[in-house]
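**Student:** My request is simple: use the sequences and hints to build the entire structure.
One line per chain: the protein sequences are A and B, in this order. Sequential numbering from 0 applies to the first sequence in numbering that gives the first Met the number 0. Sequential numbering from 0 applies to the second sequence in numbering that gives the first Met the number 0.
Quick caveat, the hints were computed from the structure, so don't treat them as lab data. Ideal Cβ placement from N, Cα and C applies to all residues, glycine included. Check before you lean on any hint, since a few could be wrong.
So, partial list: chain A residues that the calculated Cβ filter (under 7 Å) puts toward chain B [as the list claims (entries may be wrong)]: (1) Gly-38; (2) Arg-40; (3) Pro-44; (4) Ala-51; (5) Leu-52; (6) Gly-55; (7) His-56; (8) Leu-59; (9) Ala-74; (10) Pro-84; (11) Glu-85; (12) Asn-156.
Each chain, written out:
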Amino acid sequence: MTKALPVLETERLRLEPPSLAILDAEKRFWASDRATFAGGRMTGPQVWRYLALQRGHWDLLGYGMFSVVEKQSGAPVGLIGLWGPEPWPEPELAYNIYEGSSGKGYAEEAARAVMGWNFGALGRERLISVIHPDNLPSQRLAARLGGAPTGEQFTPNPDADPVDIWRYCAPEGRS
Amino acid sequence: MSVSIPVLETQRLILRGPEPGDYPDFKATFSSYRSRFMGGPLNAYEAWMLYAAEIGHWDIRGFGMWMIHDRESDRTLGMAGGWFPAKWPERELAWIIWPEVAGRGIALEATHACRKHFYETLGWDGAVSYVDPKNLDSIRLAERLGAKRDLEAASVDGHDLCYRHPSPAALRSGQISDGIEMEIANYIDPLFTPKGMPVD
Numbered sequence: 000m001t002k003a004l005p006v007l008e009t010e011r012l013r014l015e016p017p018s019l020a021i022l023d024a025e026k027r028f029w030a031s032d033r034a035t036f037a038g039g040r041m042t043g044p045q046v047w048r049y050l051a052l053q054r055g056h057w058d059l060l061g062y063g064m065f066s067v068v069e070k071q072s073g074a075p076v077g078l079i080g081l082w083g084p085e086p087w088p089e090p091e092l093a094y095n096i097y098e099g100s101s102g103k104g105y106a107e108e109a110a111r112a113v114m115g116w117n118f119g120a121l122g123r124e125r126l127i128s129v130i131h132p133d134n135l136p137s138q139r140l141a142a143r144l145g146g147a148p149t150g151e152q153f154t155p156n157p158d159a160d161p162v163d164i165w166r167y168c169a170p171e172g173r174s
Numbered sequence: 000m001s002v003s004i005p006v007l008e009t010q011r012l013i014l015r016g017p018e019p020g021d022y023p024d025f026k027a028t029f030s031s032y033r034s035r036f037m038g039g040p041l042n043a044y045e046a047w048m049l050y051a052a053e054i055g056h057w058d059i060r061g062f063g064m065w066m067i068h069d070r071e072s073d074r075t076l077g078m079a080g081g082w083f084p085a086k087w088p089e090r091e092l093a094w095i096i097w098p099e100v101a102g103r104g105i106a107l108e109a110t111h112a113c114r115k116h117f118y119e120t121l122g123w124d125g126a127v128s129y130v131d132p133k134n135l136d137s138i139r140l141a142e143r144l145g146a147k148r149d150l151e152a153a154s155v156d157g158h159d160l161c162y163r164h165p166s167p168a169a170l171r172s173g174q175i176s177d178g179i180e181m182e183i184a185n186y187i188d189p190l191f192t193p194k195g196m197p198v199d
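**Tutor:** Shown next, in the form of structure tokens:
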């Protein structure tokens with residue numbers, strides 16, 4: 000567990016491995032309506048475990064979610080990255096944006112950095128997002144990023160609704 | 000990850016950090032009835048999330064649950080170590096042994112080594128174990144480790160029992176440790192082995 004985790008940078012944002020530094024921001028997210036399409040609300044102790052498992056996700060799979068912070072202020076913006084726990088069919092581009100950080104183009108900016116990392120440094124050739132059929136803002140972002148619904152669905156958790164699988168195209172020059 | 004997980008060795012066991020390849024064994028027990036006192040049985044999604052959280056716990060707290068391996072075969076036998084997620088009143092010494100290898104004193108040998116590491120290397124001044132009142136095997140193990148029911152202490156959810164482990168000083172004084180070590184020795188090389196078939 001000694002390998003260094005990657006840090007990505009964009010013009011306005013820094014993407015770093017999640018830590019307890021964002022515990023309060025995550026607690027607010029998971030106590031709000033924004034949690035509805037991300038798996039449902041969670042209590043404080045559940046959010047602590049969620050952050051712990053984010054670290055374990057990196058360790059088990061070699062990729063994971065990044066904590067996105069505003070470079071200038073250091074303010075947390077959200078959690079964006081590659082998410083692929085069991086029983087996901089393949090790793091997905093996932094994004095949870097905190098209240099007050101939407102509408103600035105941050106999600107798209109960070110998501111493009113993650114896509115570049117996925118198709119670049121990680122050398123992966125595929126990328127999906129799994130999106131709840133009612134989550135229109137998320138679908139709009141996926142479409143802006145070049146994604147399209149595949150018509151397939153999957154059920155992440157037996158207790159949850161089935162979600163739509165969207166797929167992004169690899170950049171030109173890759174199959 | 001920022002912490003490297005120490006390896007603990009005992010006579011029969013090697014305790015290492017949980018690794019990706021150990022996950023199927025973890026999932027097998029946590030999706031079975033065996034895990035009913037540890038929040039289970041879990042579905043695939045929940046089991047994976049818990050396993051990732053066990054690993055992240057090491058990273059956040061600097062200690063956590065080890066995977067117990069048989070020294071000879073290297074197969075996994077269960078997990079033991081420290082557990083202190085949010086909402087836990089105190090640092091816990093915790094364990095789970097895969098059902099097919101229960102009854103061989105593995106949990107005793109593993110937890111005894113973990114507790115020693117926490118006391119002597121990490122400088123803990125004590126530890127507790129939170130046990131479901133119906134989990135008689137774990138209550139018995141807590142007692143064999145010298146832990147005593149603490150009626151004053153807070154529990155995790157108001158339902159579980161808090162067992163308080165002997166302090167580092169009490170453990171050093173000999174009698175409890177000697178008893179544990181004698182019991183472990185007896186598992187390894189029984190003082191009494193029946194010769195031939197019993198006739199009655």
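**Student:** Indicate, hint by hint, whether the structure satisfies it.
**Tutor:** For each hint, the structure was consulted:
1. Violation of the interface hint for Gly-38/A is found here, the shortest Cβ-Cβ separation to chain B being roughly 10 Å, above the 7 Å cut-off.
2. The closest approach between the C-beta of Arg-40/A and any C-beta of chain B is roughly 16 Å, which is over the 7 Å cut-off, so the hint fails.
3. Against a cut-off of 7 Å between C-beta atoms, the interface hint on Pro-44/A holds, since the closest Cβ of chain B lies about 4 Å away.
4. With 7 Å as the threshold, the beta carbon of Ala-51/A comes within range of chain B, its nearest partner Cβ sitting at about 3 Å, so the hint holds.
5. Interface restraint check: Leu-52/A against chain B, minimum CB-CB distance 4 Å, threshold 7 Å, status holds.
6. About 3 Å separates the beta-carbon of Gly-55/A from the nearest beta-carbon of chain B, less than 7 Å, and the hint is met.
7. Hint status for His-56/A: holds, given a least beta-carbon distance of 5 Å to chain B, under 7 Å.
8. This hint holds: Leu-59/A has a C-beta 5 Å from the nearest C-beta of chain B, less than the 7 Å allowed.
9. Taken as an interface hint, Ala-74/A does not check out: its beta carbon lies about 22 Å from the nearest beta carbon of chain B, beyond 7 Å.
10. A least Cβ separation of about 5 Å between Pro-84/A and chain B falls short of the 7 Å threshold, and the interface hint therefore holds.
11. Nearest Cβ of chain B to the Cβ of Glu-85/A: about 4 Å, under the 7 Å cut. The hint holds.
12. Interface hint status for Asn-156/A: upheld, as the beta-carbon distance to the closest one in chain B is roughly 4 Å, under 7 Å.
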